[in-house]
Amino acid sequence: MNANGNLVQVKKLKKFFPLRGHFFSRSKSFVQAVVGVNLEIRRGETLGLVGESGCGKSTLGRLILRLEEPTEGQIFFEGEDILQYKAERLRQLRREMQIIFQDPYSSLNPRKTIGSIIGEPLIIHNIGTKKERSERVLRLMEVVGLRPEHINRYPHEFSGGQRQRIGIARALALNPKLIIADEPVSALDVSIQAQVLNLLEDLQDEFHLTYLFIAHDLSVVEHISDRVAVMHLGRIAELAPSDGLYSRPKHPYTHALLAANPIPDPSLARKRILLQGEVPSPINPPPGCNFHTRCLNRFDPCDKEVPVLREVEPSHWVACYLYGPNP
Amino acid sequence: MGETGNLLLKIRNLHTYFYTDDGVAKAVDGVDLELVEGGTLGVVGESGCGKSVTALSVMRLIPDPPGKIIQGKIVFGGKDLLTLSEAEMRKIRGRSISMIFQEPMTSLNPVFQIGDQISEVLTLHEGLSKKEAWNRSIEMLKMVGISAAERRIMEYPHQLSGGMRQRVMIAMALACSPKLMIADEPTTALDVTIQAQILELINRLQREKGMSVILITHNLGVIAETAQMVAVMYAGRVVEYTDVRTLFATPQHPYTQGLLKSIPRLDEDHAKKAKLEAIPGLVPSLLDLPPGCKFSNRCKYVFEKCGQEPPLEEVSTGHFGRCWLHIHQ
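Chains as they are written, first to last, in the numbering used here: chain A, 781 to 1107; chain B, 3 to 331.
For reference, chain A alone in the conformation it holds in the complex (with noise of 0.2 Å):
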């Protein structure tokens, strides 16, 4: 199953974070972030990752990054098992992945110049000497489009959009193979999102990055993607490339969420499929296909056993007893 053209895998993983109960409760209970993915990261490509709020797309990134332990399950990059890594093996991994992060005020240290900043990173990992160190950092804020001047200035004499570039060359220093960007446009202004979104696209030709784009716009998701996962309750409901995603969805909740997401031309006449009802608590998931509760098309199965990722179509996985019985 290791073909080449991964970049990383991810087998079952398990994330459940422990709640703490009442002092005399003995019943302890989990929010389960991640139950049981099963997904790949294509070398080169733009995996797209999207879901509501509290999905688990955010847990998944950051348990790719080791950024938090796994409960169960595995990741490979590069066709080894990262979880075994220690110490040392752990911090070369890290120079490989990197992560851009939503909040571009709160991410950055205030204390601190954009360029010791970016620079930060190579001097972590004993890159260069003091000035090659320096050539790198002007050469990175010449590539994200920030001006050599600014070198000096700190964080907070910038707009979110010129802070998420200096995020950006921060997560390029170490020329790392895979970035993780969580919701990396989303706290940015409308027109500077374009920008944003076009210097990532940018940067992936010129630096054969492989992305993990998770978002939960899902026009802003589809726009840079090559492929697309839908995340609900800590599970894929479905994968598959971004326009067969999106053209032609399959699971009843990518229908909901492209339904739902308003579209901005007021002449077209749109039916909206609107949800009932909240989306469940991952404390305690609803039995059996966990979208169920708020699914227009459930029937019999649905609410016993959890439906697998199947593939109906040519890569287009999809995880719903709609496209026949668990095999």
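These are calculated hints, taken from the structure and not from any lab test.
A short, non-exhaustive set of chain B residues, derived as facing chain A with CB atoms under 7 Å: (1) Leu222; (2) Ser264; (3) Lys277.
Estimated spans, in silico, between C-beta atoms of each pair: (4) Glu105(B) - Thr893(A): 30 to 38 Å; (5) Leu291(B) - Tyr934(A): 19 to 27 Å; (6) Ser318(B) - Tyr1103(A): 45 to 53 Å; (7) Gly25(B) - Lys808(A): 55 to 63 Å; (8) Leu86(B) - Gly925(A): 43 to 51 Å.
Computed footprint of chain A on chain B, listed as stretches where at least three residues anywhere in the stretch have a Cβ under 8 Å from a Cβ of chain A: (9) 190-204; (10) 245-252; (11) 280-294.
Yeah, the Cβ is synthetic: ideal placement off N, Cα and C, and Gly gets one too.
We have chain A; now place chain B onto it with these hints.
Relative to chain A, chain B alone:
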């Protein structure tokens, strides 16, 4: 301005400035807007364009100091709100005009049951007894689609999800059947499926109650699906104003055109994954605006005339733009 029907709200030449240590921020600098009874006005723009300050000016909720409404008129139901005393204004707020905010958690009081918070509006403005107000609150919660309202009413804000809290805020805003509801980014903090529910709810309540709505948002999709008239704001000014179909079909101002081109769209052909046409440059700081047309430093059509500030003029019937490209003189 190009609309027929009974005018409920007319804003003329509104200027709201903030006096900060770094200088005067002209957050709203000459805004004209109007809204007919039963209509929905969408106000769209990016952060710092003055859309929220315009709304707060209508509510007379500008923190003073540092903020001050320098000049202008806000005529609501025949009265200029800016000439009213604070006591008179208090009778209007929550009763004739109410407002819902982006983050429902910070606008609800965490230490009171939601029933108390809805009842307060009713006892204050409608003079209901506590018991009557409580029963009406249960009705309001049912109206906004909260199930098990009798039980929910005794809960505290932290026990509710984001979508539920926004429903409670709407119930509270609608308790006195206001003529005008101002919704400032009401769905920005919510998931798309919940956003669709809340927008549907606002639309339904508006139809049933004949209420007027000002919907403030940065999301052009939300505007397209809910508003009838749209004002696009940039740097404290209205740069374009027309009905929603005209705006999306034939946008006039280069800023509006840029905004529409810079958003990725789901309904377009998936095969051509074209680059987005981003608007270059940054959203300007209100303390450091370019002279003349405020968009001139990001505009690709800029020419010498843009050194002067263009007026907001009717470029075709019912379509107003603030750009020298379309002003025929």
